[in-house]
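Visitor: The numbering of the sequence shown is the UniProt record's numbering, which starts it at 1 and goes up by one.
By construction, these hints were calculated from the structure, which means they are not laboratory data.
Take the hints with a grain of salt, since some may be wrong.
List of simulated lysine-lysine pairs, DSBU-like, C-alpha gap at most 30 Å [unchecked claim]:
1) Lys239 - Lys229
2) Lys197 - Lys234
3) Lys363 - Lys275
4) Lys229 - Lys243
5) Lys239 - Lys330
6) Lys335 - Lys248
7) Lys267 - Lys347
8) Lys350 - Lys363
9) Lys248 - Lys264
10) Lys358 - Lys335
11) Lys350 - Lys243
12) Lys363 - Lys267
13) Lys248 - Lys207
14) Lys239 - Lys320
15) Lys363 - Lys349
16) Lys207 - Lys335
17) Lys239 - Lys267
18) Lys264 - Lys320
19) Lys239 - Lys213
20) Lys264 - Lys350
21) Lys330 - Lys348
22) Lys243 - Lys329
23) Lys213 - Lys349
24) Lys264 - Lys275
25) Lys207 - Lys234
26) Lys335 - Lys309
27) Lys207 - Lys330
28) Lys330 - Lys213
29) Lys197 - Lys320
30) Lys335 - Lys350
Pairwise CB distance ranges (calculated) [as the list claims (entries may be wrong)]:
31) Asp356 - Lys197: 51 to 57 Å
32) Asp298 - Gly233: 38 to 44 Å
33) Asp298 - Asp380: 27 to 33 Å
34) Thr296 - Glu208: 42 to 48 Å
35) Lys329 - Ser187: 34 to 40 Å
36) Gln319 - Asn261: 32 to 38 Å
37) Asp271 - Glu353: 29 to 35 Å
38) Asp356 - Glu382: 35 to 41 Å
39) Thr296 - Glu190: 46 to 52 Å
If you're wondering where the values come from, they're calculated on a predicted model, not measured in any experiment.
All C-beta atoms in this analysis are idealised placements derived from N, C-alpha and C, irrespective of residue type, glycine included.
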Amino acid sequence: MSQHQDKETMQQCAPSHGDNGSEEFISVDEVNKASESSASDSMIMDDKQVNSDENAAIYEKKIPKALIELKKIFSDDFDFEVLKNTYGLSKNEALVEGIEKENRLKLNKVPPVFFKCIHTLKLGERAFFKIHKDLYPELKVTRLDPVQDDVETTKLIDLLKCHDYYGVQYISITHLELKEAPSPKASFEEHLEQISKKRLEGNVLFKECSFAKALKTYNTGIIFVNEAKLDDGKIDEQKAILKEERIKLLTNIVRCQNSLNNEKNHKLCLDTCDKILFYEPENHNAFYFKAKTYNTLDDYSRGLECMEKAKHYFSTYQQKNSSDPIQQKKDAELKSRMEIIERQLLKKKKLQEVQDNKLMKSKMTNMFSEELYADTEPYDEEEYWRKQQEEDERLGRKPWFMSDGTIHYQQL
């Protein structure tokens with residue numbers, strides 16, 4: 001498994017919630033002193049089914065906190081929640097077995113358990129998983145291969161084999177991001193240093209227009225915010241610092257999502273703006289990006305509503321931060337962008353109103369026409385002249401059409 005793949009995997013599997021202690025997950029310590037070399041991806045697993053109590057007991061003993069048995073699923077996007085019993089799992093759910101807790105993974109959210117397991121690995125440690133074959137290509141993990149002259153590990157790999165499942169592993173030394181991550185014993189200042197580092201790295205990537213990479217970097221910074229441990233006696237002060245850092249990172253995440261102009265990121269952008277407003281209800285940047293996103297989605301009504309709030313809170317913000325010349329320049333640029341978005345929203349509103357008026361006039365015309373001439377048959381010119389010709393033949397006359405528009409008849 002390459003460093004690039006491992007880095008991608010770790011970032012995709014970053015947890016969305018980090019304050020919950022129930023998400024802790026620890027890997028196996030040096031399972032049989034196995035080699036750290038990555039396994040070959042060409043190995044073909046057999047269909048041996050592991051179902052005996054003896055094998056299960058051996059497996060649990062070998063891997064007490066790193067067994068993940070995924071049911072048949074179709075994505076690597078999960079949610080994480082405590083599960084009291086392990087029975088009745090549906091095909092879209094997964095089971096994580098641990099010593100103290102059992103946890104369930106669900107679709108549609110990011111799984112913190114993978115990151116937690118990798119994050120706690122030390123040099124020389126490996127984490128083993130049993131994972132469904134449909135999920136394997138998406139996670140980019142390493143399939144296990146029998147290790148030469150290592151009987152115990154080979155037996156362990158045999159236990160990992162079963163129908164429709166692969167044995168996979170993580171090796172800590174290949175994860176570049178782990179080397180940068182603060183250890184669980186790191187101080188608050190060390191965590192804060194890493195948070196600031198990630199934010200600055202993301203800023204550089206954003207200026208280079210590497211929006212996807214910048215987004216992942218900012219998300220890693222959010223993980224470090226969640227992991228930071230507060231010192232006794234400074235809890236309120238440090239919480240305020242983390243809140244400020246979180247808002248900065250979330251604002252940068254919104255900028256990336258807005259720059260990645262696609263339908264998925266439009267929704268994510270609105271969700272991230274709501275997260276910012278949860279921590280700071282009067283944040284003008286959040287309302288501005290919501291207005292900008294609604295403008296892209298042609299929802300001028302919500303866009304103008306958000307823009308009004310953005311202008312109001314921006315004005316209040318300017319009054320409090322009017323002395324810094326650098327900030328004044330940034331504020332002027334933001335104000336100009338807000339005016340552009342507002343003009344676009346107003347133009348869309350006006351065009352919609354014109355279309356609505358035309359539609360209303362058309363409906364009113366049709367309505368009154370039907371009421372005034374409800375009993376009148378539709379005019380058919382061919383039918384009219386056919387009837388006139390029949391009448392002329394019956395009366396034995398020939399019509400002469402005069403220049404003044406009158407008709408004179410000649411008796412035959």
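Visitor: Now tell me if each hint is right for this structure.
Guide: Going down the list of hints, with the structure as the test:
Annotation: proposed proximity of lysine 239 to lysine 229 holds, straight-line Cα distance about 10 Å (limit 30 Å). The straight-line distance between the Cα atoms of lysine 197 and lysine 234 is roughly 22 Å, inside the 30 Å bound, and the hint therefore holds. For the suggested pair lysine 363 and lysine 275, the alpha carbons sit about 44 Å apart, so the restraint of at most 30 Å is broken. Note on lysine 229 and lysine 243: the hinted pairing holds, with a Cα-Cα distance of about 13 Å set against a maximum of 30 Å.
Of the pairs offered as hints, the one joining lysine 239 and lysine 330 holds, with about 27 Å between alpha carbons and a cut-off of 30 Å not exceeded. Proposed proximity of lysine 335 and lysine 248 is supported: the alpha carbons are some 19 Å apart, at most 30 Å. For a cut-off of 30 Å, the pair hint linking lysine 267 to lysine 347 stands: about 23 Å separates their Cα positions. The hinted pair formed by lysine 350 and lysine 363 meets the criterion: a straight-line CA distance of about 20 Å does not exceed 30 Å.
Among the hinted pairs, lysine 248 with lysine 264 is consistent with the structure: their alpha-carbon atoms are about 22 Å apart, no more than 30 Å. Taken as a hint, the lysine 358 and lysine 335 pair is broken in the structure, with Cα atoms around 35 Å apart against an allowance of 30 Å. Taking the CA atoms of lysine 350 and lysine 243, the gap is about 40 Å. The hint is violated against a cut of 30 Å. Among the hinted pairs, lysine 363 with lysine 267 is inconsistent with the structure: their alpha-carbon atoms are about 36 Å apart, more than 30 Å.
Between lysine 248 and lysine 207 the CA atoms are separated by roughly 16 Å; this keeps the pair inside 30 Å, and the hint holds. Taking the CA atoms of lysine 239 and lysine 320, the gap is about 23 Å. The hint holds against a cut of 30 Å. For the suggested pair lysine 363 and lysine 349, the alpha carbons sit about 21 Å apart, so the restraint of at most 30 Å is met. The suggested pairing of lysine 207 with lysine 335 holds, with an alpha-carbon distance near 20 Å, which does not exceed 30 Å.
Simply put, lysine 239 and lysine 267 have alpha-carbon atoms about 29 Å apart, close enough for the 30 Å limit, and the pair holds. The hinted pair formed by lysine 264 and lysine 320 fails the criterion: a straight-line CA distance of about 36 Å is larger than 30 Å. Of the supplied pair hints, the one linking lysine 239 and lysine 213 holds, its CA atoms being roughly 28 Å apart against a limit of 30 Å. With a C-alpha separation of about 28 Å, the suggested pairing of lysine 264 with lysine 350 holds against the 30 Å cut-off.
Between lysine 330 and lysine 348 the CA atoms are separated by roughly 27 Å; this keeps the pair inside 30 Å, and the hint holds. Between lysine 243 and lysine 329, the direct Cα distance comes to roughly 25 Å. Compliance with the 30 Å bound is thereby established for this hinted pair. A distance of roughly 36 Å separates the Cα atoms of lysine 213 and lysine 349; the hinted pair therefore is violated under the 30 Å criterion. At roughly 17 Å between alpha-carbon atoms, lysine 264 and lysine 275 fall within 30 Å of each other, so this suggested pair holds.
Among the hinted pairs, lysine 207 with lysine 234 is inconsistent with the structure: their alpha-carbon atoms are about 35 Å apart, more than 30 Å. Using a Cα cut-off of 30 Å, the hinted pair lysine 335 and lysine 309 holds, with the two alpha carbons roughly 13 Å apart. Taking the CA atoms of lysine 207 and lysine 330, the gap is about 15 Å. The hint holds against a cut of 30 Å. Proposed proximity of lysine 330 and lysine 213 is supported: the alpha carbons are some 24 Å apart, at most 30 Å.
Of the supplied pair hints, the one linking lysine 197 and lysine 320 holds, its CA atoms being roughly 28 Å apart against a limit of 30 Å. Distance restraint check for lysine 335 and lysine 350: the Cα-Cα separation of roughly 22 Å lies within the 30 Å cut-off, and the hinted pair is therefore satisfied. For aspartate 356 paired with lysine 197, a C-beta distance near 53 Å keeps the hint of 51 to 57 Å intact. Between aspartate 298 and glycine 233 the C-beta distance comes to about 52 Å, which lies outside the given range of 38 to 44 Å.
Range check, aspartate 298 to aspartate 380: about 44 Å between beta-carbon atoms, so the 27 to 33 Å window is missed. One distance hint, 42 to 48 Å for the beta-carbon pair threonine 296 and glutamate 208, is violated here, with the actual separation near 23 Å. A C-beta distance of roughly 36 Å is found between lysine 329 and serine 187, which places it inside the suggested range of 34 to 40 Å. Hint check: glutamine 319 to asparagine 261, Cβ distance near 33 Å, so the stated range 32 to 38 Å holds.
With their beta carbons about 30 Å apart, aspartate 271 and glutamate 353 fall inside the hinted range of 29 to 35 Å. A beta carbon spacing of about 39 Å between aspartate 356 and glutamate 382 agrees with the range 35 to 41 Å that was offered as a hint. Between threonine 296 and glutamate 190 the beta carbons are some 40 Å apart, a value that contradicts the proposed interval 46 to 52 Å.
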